[in-house]
Amino acid sequence: MVDLITNFLTADIRTATPLILAALGLVFSERAGIVNIGTEGVMLTGALLGCVGSSIWDSSFAGALLAIAGGAVLGFIFAFFTVSLRSNQIVVGAAFNIFAGGFTITLNRLLLNGEKVVGFSNYPIPILSKIPILGDVFFNWSIPVYLTFIAVPLCWFVLLKTNIGLKVRAVGENPKACDTVGINVFRTRYGAIIFSGMMAGLAGSFVSMGQLSSFTEGMVAGKGFMAMAVCVFGNYSPISVMLAGLLFGAADALKYRLLTTSIGGYYQFLNMLPYLITIIALCAFAKRTNKPAGSGIAYRKE
Amino acid sequence: MQKKILKSLNSLTFPLLSIIVALMLGALIMMAMGYDVGKAYTSLLNGAFGSKNSIGETLIQVTPLIFTALSYAIALRCGLINLGAEGQLYIGAICGSMVGAHISGLPTILHILLILIAGFLGGALWGLIVGILKIRFGASELITTIMLNYIALELVSYCVTNAPFKDMTKGAAPRMTSVIDAVKLPTILSGSRLHAGFILALLGVLIYHIFMWKTTRGYEMRVIGLNPNAGRYSGMNIKSNGLLSIFIAGGFAGLGGVIQIIGLTYFLTEGFAANMGFSGVAVALLGGCHPLGMIASAILFGALNAGGVKMQLLAGVPSASIYMIQGMIILFAVSRELFKWFSGKGRSLLPKKANKTSGGVANG
Chain E
1 MVDLITNFLT ADIRTATPLI LAALGLVFSE RAGIVNIGTE GVMLTGALLG CVGSSIWDSS
61 FAGALLAIAG GAVLGFIFAF FTVSLRSNQI VVGAAFNIFA GGFTITLNRL LLNGEKVVGF
121 SNYPIPILSK IPILGDVFFN WSIPVYLTFI AVPLCWFVLL KTNIGLKVRA VGENPKACDT
181 VGINVFRTRY GAIIFSGMMA GLAGSFVSMG QLSSFTEGMV AGKGFMAMAV CVFGNYSPIS
241 VMLAGLLFGA ADALKYRLLT TSIGGYYQFL NMLPYLITII ALCAFAKRTN KPAGSGIAYR
301 KE
Chain A
303 MQKKILKSLN SLTFPLLSII VALMLGALIM MAMGYDVGKA YTSLLNGAFG SKNSIGETLI
363 QVTPLIFTAL SYAIALRCGL INLGAEGQLY IGAICGSMVG AHISGLPTIL HILLILIAGF
423 LGGALWGLIV GILKIRFGAS ELITTIMLNY IALELVSYCV TNAPFKDMTK GAAPRMTSVI
483 DAVKLPTILS GSRLHAGFIL ALLGVLIYHI FMWKTTRGYE MRVIGLNPNA GRYSGMNIKS
543 NGLLSIFIAG GFAGLGGVIQ IIGLTYFLTE GFAANMGFSG VAVALLGGCH PLGMIASAIL
603 FGALNAGGVK MQLLAGVPSA SIYMIQGMII LFAVSRELFK WFSGKGRSLL PKKANKTSGG
663 VANG
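Protein chains in written order, with the numbering used here: chain E, 1 to 302; chain A, 303 to 666.
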């Protein structure tokens, strides 16, 4: 029984980590008024670059850095097109996903071909990891997992308690008013998008190097869209996003538990749960949403 | 007349420019990766148009793309962003293949018609869910369409592995029961696999044109898409028009799915139409949601898809690399400002009125 619980919680956290990471980034770009469906593509690129970096320098840390850098570059390009050129955000996002699908496969065939690389290794926290049950579940993880759960309160603090967060939120609600009082709308949106790209890149590298340690083509398989769902279900706020991510992770972990039971044959319907929950949440909270008023609309300086 | 021709030529400038720039950037990336670009592009062209067979393969790719593009375009004309063509296509295909596999003894024409209706209705009802959620609860169609895509994918995965949908033949890979021989669409180009579904796709474009520009409903939808308030003040029903447009949009996507089944694959497998949803978005936008424009851009995307296979075979460049080119084409096609930026007029043009190139307003 104890084993069952630890396994379940461990699986939950492992699945939730990339979702929460990417969704935290999305919280910032969405709050700044940017609809970013390109996260899927950025995560896929991050998954590939993580392995490439790890393969070149024999270090998962270097891989993660390369993935984050790649995410930042993609974020910058996304921002250039959607903020400076005011192209339709949804279309640019879709284009990113199509591009990343091709780019990662091409580069994978050239450089990796399923090569095993150094994955993230676990660093048990001294003393704490010795606590029965809790120690194994919470204090025996790789760096990105610790980072994720440190990032949650940090993002909450930055978004709701600091000047930067205020700017991000204001820019999403009413860019014109921000411009009038001297907040640089373009720079704030660029920053939010680039941050979101970096988080998606890191999330992607965890997908390829968190448990497995190789890249397979198309391996992100909708996790980017799932992160969007986490962000929406978490009502665009960091703490709820973490809870939403853990809930989706739990649904996934539950599925693996149930696969061996009599209802295992219906696992596809369990797979649907996160998407159904998101739709229901979307309907229930549409009126009380934290989604900014200026969402999806490019700002044009007069 | 001359003015009209000049105007349409002018509207071709940006799409053509984006295609050229994307192909050049694609060449640069391939070169950087150490591939022989000349060989890659010649084999790509050869694979897309080099023989009767390859032209057939290209048009086979074009067929579902036209339907998913129509799906996006119809909804967009009424101001809705339908990213759910993929899911609608799959649901249509499930419904259609059930009718095609488990009914027999009907006259062929009637049976095919029934299959098409089942496909249309399947996709249409899947689309209608989006419309109802939007109108009743205010749920953004951006998210609901994407979520419904994944739900549809899971349904497909269930159908190909479970009775009564699954093909029970011993040793068969996971797939749905094959449609009966009588309803398989005939080939229309000898020496190729091109099936009559292509003609149905062209017919679909014609219907789109007639509906949008020759009927009152179509007119109302276009007005609402351009300016909902104008529509409301002139007494148009925003809700019913929105519902109808997403219903038809889903139906077209469903038709694309079912025609792929009875024309080409004959049975439904997981991923039998992978990427067709978002590629359809790209085709619709590159073609400006214009009937002829969409056919032209579907041919371009279909040619890239079909030619990519040959490119991989002859030049060793992974066929997936054409997705890079497709991604860039669509990126540049919606970014007219980019060319103005680089032509040095960027700054002075900024205060002008926004280009309504893509029309989409991401309202929620």
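The set of hints was computed from the structure by calculation and includes no laboratory data.
Remember, predicted model here, so these are calculated numbers, not experimental data.
One or more hints might be untrue.
A few chain E residues that face chain A, going by a derived Cβ cut-off under 8 Å, partial list only [unchecked claim]: (1) Val91; (2) Ile105; (3) Gly182; (4) Asn184; (5) Ile263; (6) Gln268; (7) Ile279; (8) Lys287; (9) Gly294.
Idealized CB from N, CA, C, for every residue including glycine.
*When the hints from earlier in the document are held up against this structure, which numbers fail?*
3, 4, 5 and 9
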